[in-house]
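> Residues per chain are reported as follows:
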Amino acid sequence: MKLFAWQWLAASSLLLAAVVASGETRPRYGGTLRIEMRAALSSLDPADRNVPDSFGRRNVTALIFDTLVTFDDTAHIKPALAESWQAAGQELRLHIRHDVKFHDGTSLTAETVAASLRFANPSWKVMAEPDSVTIQGDFSEEELLAQLTLSRNAIVKRDAGKVSGTGPFHIVDWQSGSRLTLAAEDNCWRGRPFLDSIAVEMGKSYHDQMTSLQLGRVDLIEVSPEQVRRISQEGRGIASSMPIELVALVFAREALSPEEQALRSALALSVDRTAIRDVLLQGAGEAAGSILPIWMSGYGFVFSSGVDLSKARQLRGQAATIPNWRLGYDTGDPLDRLLAERIALNAHDAGLALQTTSSPSPDLWIAHLPLEGDAWNSLGKLADQMGVPLTKRHGSLEELYAAEQAILKSGRIIPLLHLPASYVASPGLRNWRVRSEGTVSLDDAWLESARQ
Amino acid sequence: MTFRRKLLIVFALTVFLSVAGVALAVLALTRNAFEKSEDEQTTALVTQFQREFEHRGGDVAQRVERIAGLDLVLRMAAAGHTTSADSASYLDLAHSIAESWQLDFLEFLDEDGKIISSAQSPAKFGYPDPAFESLSRLNQQPAFLKLEELQDSNALGLFAVRATRVGDHPVYVVGGRRLDRNFLSALDLPPGMRVLLYENRTERFSAESLLDPGSGRNGTHSADKLAALVNAVQHSDKEMTGVVKWSPDPADEEVFHAIPLRGAGQDRALLGILLIGNSRAAYAELKQRIRDSALLVGGAGIVLAILLSSWAAGRVTRPVERLAHAAQEVAGGNWSSQVEVSGRDEIGQLADSFNRMTAELLAQKERLVQTERVAAWRELARRLAHELKNPLFPLQLTVENLVRARTHNPEQFEEVFRESSSTLLAEISNLKAIIQRFSEFSRMPQPQLQRVKISEIVSAVVQLFQAQLKSSGRAAITCKLDLDESLEPVEADPELLHRAVSNLVLNAMDSMPNGGTLTLRTRREERKAVIEVADTGSGMTREECERIFTPYYTSKQHGTGLGLAIVQSVVSDHGGRICVRSEPGRGSTFVIELPFERH
Numbered sequence: 001m002k003l004f005a006w007q008w009l010a011a012s013s014l015l016l017a018a019v020v021a022s023g024e025t026r027p028r029y030g031g032t033l034r035i036e037m038r039a040a041l042s043s044l045d046p047a048d049r050n051v052p053d054s055f056g057r058r059n060v061t062a063l064i065f066d067t068l069v070t071f072d073d074t075a076h077i078k079p080a081l082a083e084s085w086q087a088a089g090q091e092l093r094l095h096i097r098h099d100v101k102f103h104d105g106t107s108l109t110a111e112t113v114a115a116s117l118r119f120a121n122p123s124w125k126v127m128a129e130p131d132s133v134t135i136q137g138d139f140s141e142e143e144l145l146a147q148l149t150l151s152r153n154a155i156v157k158r159d160a161g162k163v164s165g166t167g168p169f170h171i172v173d174w175q176s177g178s179r180l181t182l183a184a185e186d187n188c189w190r191g192r193p194f195l196d197s198i199a200v201e202m203g204k205s206y207h208d209q210m211t212s213l214q215l216g217r218v219d220l221i222e223v224s225p226e227q228v229r230r231i232s233q234e235g236r237g238i239a240s241s242m243p244i245e246l247v248a249l250v251f252a253r254e255a256l257s258p259e260e261q262a263l264r265s266a267l268a269l270s271v272d273r274t275a276i277r278d279v280l281l282q283g284a285g286e287a288a289g290s291i292l293p294i295w296m297s298g299y300g301f302v303f304s305s306g307v308d309l310s311k312a313r314q315l316r317g318q319a320a321t322i323p324n325w326r327l328g329y330d331t332g333d334p335l336d337r338l339l340a341e342r343i344a345l346n347a348h349d350a351g352l353a354l355q356t357t358s359s360p361s362p363d364l365w366i367a368h369l370p371l372e373g374d375a376w377n378s379l380g381k382l383a384d385q386m387g388v389p390l391t392k393r394h395g396s397l398e399e400l401y402a403a404e405q406a407i408l409k410s411g412r413i414i415p416l417l418h419l420p421a422s423y424v425a426s427p428g429l430r431n432w433r434v435r436s437e438g439t440v441s442l443d444d445a446w447l448e449s450a451r452q
Numbered sequence: 001m002t003f004r005r006k007l008l009i010v011f012a013l014t015v016f017l018s019v020a021g022v023a024l025a026v027l028a029l030t031r032n033a034f035e036k037s038e039d040e041q042t043t044a045l046v047t048q049f050q051r052e053f054e055h056r057g058g059d060v061a062q063r064v065e066r067i068a069g070l071d072l073v074l075r076m077a078a079a080g081h082t083t084s085a086d087s088a089s090y091l092d093l094a095h096s097i098a099e100s101w102q103l104d105f106l107e108f109l110d111e112d113g114k115i116i117s118s119a120q121s122p123a124k125f126g127y128p129d130p131a132f133e134s135l136s137r138l139n140q141q142p143a144f145l146k147l148e149e150l151q152d153s154n155a156l157g158l159f160a161v162r163a164t165r166v167g168d169h170p171v172y173v174v175g176g177r178r179l180d181r182n183f184l185s186a187l188d189l190p191p192g193m194r195v196l197l198y199e200n201r202t203e204r205f206s207a208e209s210l211l212d213p214g215s216g217r218n219g220t221h222s223a224d225k226l227a228a229l230v231n232a233v234q235h236s237d238k239e240m241t242g243v244v245k246w247s248p249d250p251a252d253e254e255v256f257h258a259i260p261l262r263g264a265g266q267d268r269a270l271l272g273i274l275l276i277g278n279s280r281a282a283y284a285e286l287k288q289r290i291r292d293s294a295l296l297v298g299g300a301g302i303v304l305a306i307l308l309s310s311w312a313a314g315r316v317t318r319p320v321e322r323l324a325h326a327a328q329e330v331a332g333g334n335w336s337s338q339v340e341v342s343g344r345d346e347i348g349q350l351a352d353s354f355n356r357m358t359a360e361l362l363a364q365k366e367r368l369v370q371t372e373r374v375a376a377w378r379e380l381a382r383r384l385a386h387e388l389k390n391p392l393f394p395l396q397l398t399v400e401n402l403v404r405a406r407t408h409n410p411e412q413f414e415e416v417f418r419e420s421s422s423t424l425l426a427e428i429s430n431l432k433a434i435i436q437r438f439s440e441f442s443r444m445p446q447p448q449l450q451r452v453k454i455s456e457i458v459s460a461v462v463q464l465f466q467a468q469l470k471s472s473g474r475a476a477i478t479c480k481l482d483l484d485e486s487l488e489p490v491e492a493d494p495e496l497l498h499r500a501v502s503n504l505v506l507n508a509m510d511s512m513p514n515g516g517t518l519t520l521r522t523r524r525e526e527r528k529a530v531i532e533v534a535d536t537g538s539g540m541t542r543e544e545c546e547r548i549f550t551p552y553y554t555s556k557q558h559g560t561g562l563g564l565a566i567v568q569s570v571v572s573d574h575g576g577r578i579c580v581r582s583e584p585g586r587g588s589t590f591v592i593e594l595p596f597e598r599h
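Top line first, the protein sequences correspond to chains A and B. Here my numbering is used: the first residue of the first sequence is 1, the next is one more, and so on. Here my numbering is used: the first residue of the second sequence is 1, the next is one more, and so on.
Treat the hints with care, since some could be wrong.
For the chain A half of the interface with chain B, some residues (derived, Cβ under 7 Å), not all of them [stated by the list, open to error]:
(1) L335
(2) D336
(3) E341
Beta-carbon label-pair distances, calculated as ranges [said to hold, decoys possible]:
(4) R204(B) to G332(A): 55 to 63 Å
(5) S100(B) to G216(A): 23 to 31 Å
(6) K101(A) to S100(B): 53 to 61 Å
(7) N231(B) to G332(A): 53 to 61 Å
(8) S100(B) to G387(A): 48 to 56 Å
(9) L74(B) to G387(A): 52 to 60 Å
(10) L74(B) to Q233(A): 19 to 27 Å
These aren't lab readings, by the way, just hints derived from the structure by calculation. Beta carbons are placed, not taken as given, at the ideal position from N, Cα and C, and that holds for glycine.
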């Protein structure tokens with residue numbers, strides 16, 4: 001009996017422990033997730049080209065809208081709003097998922113999908129059929145499917161200036177550039193999220209976001225790369241993507257002469273990327289000589305990112321006149337300012353004249369370019385931004401390398417660093433993760449503070 | 001201009017100049033007082049600035065000293081040579097320490113002068129500080145001025161250097177505070193004064209380099225007006241003073257005292273210029289008040305001076321005016337004019353003298369008239385005696401000849417009687433003629449004026465004497481006429497004028513017994529008609545010319561001396577004048593001037 005009693009007691013304790021343990025890990029519905037971000041979005045429309053691309057924008061878009069297809073964790077295309085697809089010649093037919101409704105209650109139809117795609121891609125030929133849409137064009141199936149994963153191609157119902165999506169959250173309140181309140185969409189085709197709502201504060205600096213987090217006013221924030229090491233050492237819940245943001249010097253125009261091209265090469269050779277990464281970025285990210293990070297292309301090491309002052313001076317010596325370049329940067333970002341000052345010092349070492357400026361029309365500037373999860377998508381988007389024509393937008397590794405070389409040879413861009421997108425959450429936010437392309441996945445996230 | 005007006009002007013000018021002089025003197029005194037006050041205030045402010053400078057410098061040095069003693073810095077020194085990883089961990093160190101210790105500038109330099117960490121230029125890690133050589137020598141020295149190179153500008157600051165040494169590896173701590181508006185605002189400024197700081201970043205003046213605690217930004221839109229003073233100090237490297245006119249309004253003038261601020265080191269480079277400004281608004285206001293008062297007092301003084309001087313001038317000039325009026329009367333012939341003597345002053349004495357003078361003149365005139373009258377009678381008697389004696393002598397001879405013929409040659413008496421009778425009759429006739437001429441002179445008629453053309457009268461006279469001029473009994477006289485036929489008529493008595501011209505022609509003929517040329521001209525001269533009668537006769541001496549118009553004076557052997565006197569009388573009665581130009585042996589020219597209009 002005594003033994004039984006002891007056995008019963010032990011079994012009860014184990015059962016209680018199991019129950020408690022299961023109570024800690026079981027998701028809870030409810031609660032409002034408070035997020036702060038740097039980007040101050042003037043529009044929620046993912047196809048609005050006036051809104052700069054940023055991880056913050058992509059995060060918001062992913063909460064409200066869905067694309068027809070998306071990448072899975074193994075970088076393969078998987079269905080989303082399109083259940084399946086068929087390629088035939090120059091056509092791609094996508095079959096639209098049934099029983100999907102927009103947040104305004106209307107059903108997702110092929111016409112709405114076609115209209116959304118036409119709005120985002122005026123050059124595309126999109127035809128709507130009862131249950132599918134057909135896209136005709138001079139591109140391959142892989143290329144088109146990859147493009148359909150882009151957030152700008154998310155399916156949006158546009159009605160009198162208002163936008164409506166099919167994502168897990170719908171818009172409750174929207175104050176352009178400052179505040180967005182989202183509520184869980186109970187009838188989401190992906191299932192209702194655990195969170196009841198999300199409150200997004202926009203236009204907050206890294207410093208302000210960190211202060212808010214420390215004061216418990218926010219649950220999820222973005223983190224400046226140079227703060228990652230310190231925050232990690234503090235033991236906070238930090239998560240980073242793969243190096244997905246390209247920091248580069250972008251010239252306002254192409255080089256007009258071989259001499260100018262040589263000077264730009266001299267500038268590229270004069271920048272001590274390693275010192276910048278080690279000291280200014282506190283070891284975050286990777287020094288970059290290529291547009292695509294190594295993890296994405298696999299050949300990034302081919303592009304040198306080291307300093308070669310003697311060669312830089314040699315190239316500089318070939319120029320009859322040295323232009324006085326004005327280097328612009330984001331004056332609201334202290335790291336950008338440091339980067340600009342360091343680059344100016346490095347350039348001076350090579351005999352180049354580079355002056356930092358807050359002028360809105362500099363000769364070159366420090367650009368933060370969020371890359372896409374797909375290499376070809378990233379290059380294609382960058383080529384469009386730089387005005388560099390690409391002969392191919394999808395293909396083999398050699399063709400990817402050639403495309404990247406073409407962009408670099410334009411002389412408009414000097415890669416400096418690849419940085420990860422990093423986020424810190426309060427301990428109460430559970431089951432969130434950062435995708436490789438830099439966005440936060442909140443599909444399964446829940447708050448400990450939420451009701452049982 | 002009348003004497004009274006002159007006096008008025010003199011009085012008014014005297015008052016105006018007096019007021020102006022006093023105003024200028026007051027202005028000069030005021031300016032001197034203000035300048036003295038400015039100098040004193042400037043000196044006090046410079047002393048205050050130096051005191052504040054030393055105080056802040058001591059404060060900076062103390063803070064840097066303490067930072068150098070921090071464990072963090074000691075560990076940095078102990079670590080020796082820095083790696084990239086060290087630089088990464090030190091990146092924000094200088095900034096955070098500078099914030100904690102309230103320093104604007106803070107750098108940690110290694111033994112080679114390389115920047116380990118910089119608060120003001122974090123991106124410069126690993127780069128050598130260009131001023132390391134001089135900075136290392138300033139270790140443990142008092143605070144000094146330094147122009148710190150920032151990324152896109154320079155900043156003036158008070159710096160101190162302290163080294164921390166652990167083993168063989170020193171770490172230099174270079175800290176400083178900016179000489180900015182806060183520093184300038186800490187100075188206790190008297191009203192109307194201000195202090196500006198010019199950071200000497202460029203060779204030429206730049207408004208961006210001017211720190212003005214009174215403005216919201218570094219410079220003001222009109223800061224360029226300080227350029228001349230700043231540039232002058234930059235070139236001379238000496239203290240200077242200048243006046244800056246911010247606007248045309250004198251109240252906006254400001255006197256600036258510029259003091260060069262030099263850095264440490266051997267070259268003592270000019271790093272900044274302290275500009276102490278003293279507004280002249282108060283001075284301009286006072287000057288304006290003085291000027292307004294002077295104008296008001298001057299204006300009132302001038303009005304008062306005009307009134308008073310008018311009254312005074314009236315009192316002074318009235319007797320003078322009376323004197324002037326009396327003198328004009330005397331000049332006009334009224335010698336009996338007298339003035340009222342109204343005092344015993346100089347004017348009264350002058351009036352008294354004037355009265356005595358006119359009385360004396362009157363007495364002398366009467367005496368002269370009596371004398372001239374006696375002289376005239378004597379001359380008349382002499383002339384009469386002379387004229388009458390000539391015919392009387394033949395009368396006497398003729399009568400004596402008759403008596404002698406009656407006594408000694410009765411037979412020839414009849415014949416002698418007849419001859420003597422005719423002689424007697426001739427001489428008696430001569431006596432009659434003489435008496436007739438005297439009678440005529442005494443009965444010169446008053447002219448009966450009418451509009452006559454003098455050229456016609458002259459022509460008539462020449463016509464009358466034409467026969468005599470060409471008579472065979474005498475040498476021929478050529479007559480030339482030069483008459484202005486367009487001459488306007490004059491108011492004259494044609495008979496008297498004819499007679500006067502005839503007398504002149506007769507005289508001319510008498511003066512040319514051996515013939516010659518008689519020239520008669522008429523012409524216009526201004527407002528007068530002129531008749532000239534010229535001969536080429538014997539001419540006259542100067543003395544003769546002076547006496548020629550005296551009645552009964554004659555240069556001829558048988559003249560009565562009344563011809564030219566009659567001419568002068570006629571011309572005078574016509575309101576004209578007659579004169580003569582003559583030279584012995586070369587003839588004479590008589591000129592009659594007659595006015596066209598008689599007043």
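> Taking the hints in turn, state whether each one holds.
Quick rundown of the hints versus the structure:
Hint status for L335(A): violated, given a least beta-carbon distance of 10 Å to chain B, over 7 Å. A cut of 7 Å between beta carbons decides the hint on D336(A): the least distance to chain B is about 11 Å, and the hint is violated. Because the closest C-beta pair between E341(A) and chain B is about 4 Å apart, less than 7 Å, the hint holds. For R204(B) paired with G332(A), a C-beta distance near 34 Å fails the hint of 55 to 63 Å.
Taking the beta carbon of each, S100(B) and G216(A) are about 26 Å apart, inside 23 to 31 Å as hinted. The given range of 53 to 61 Å is respected by K101(A) and S100(B), whose C-beta atoms sit roughly 58 Å from each other. Between N231(B) and G332(A) the C-beta distance comes to about 38 Å, which lies outside the given range of 53 to 61 Å. A hinted range of 48 to 56 Å holds for the C-beta pair S100(B) and G387(A), which are about 49 Å apart.
Take L74(B) and G387(A): their Cβ atoms lie about 56 Å apart, and the range 52 to 60 Å holds. Distance hint for L74(B) and Q233(A): a CB-CB separation of about 23 Å, consistent with the stated range 19 to 27 Å.
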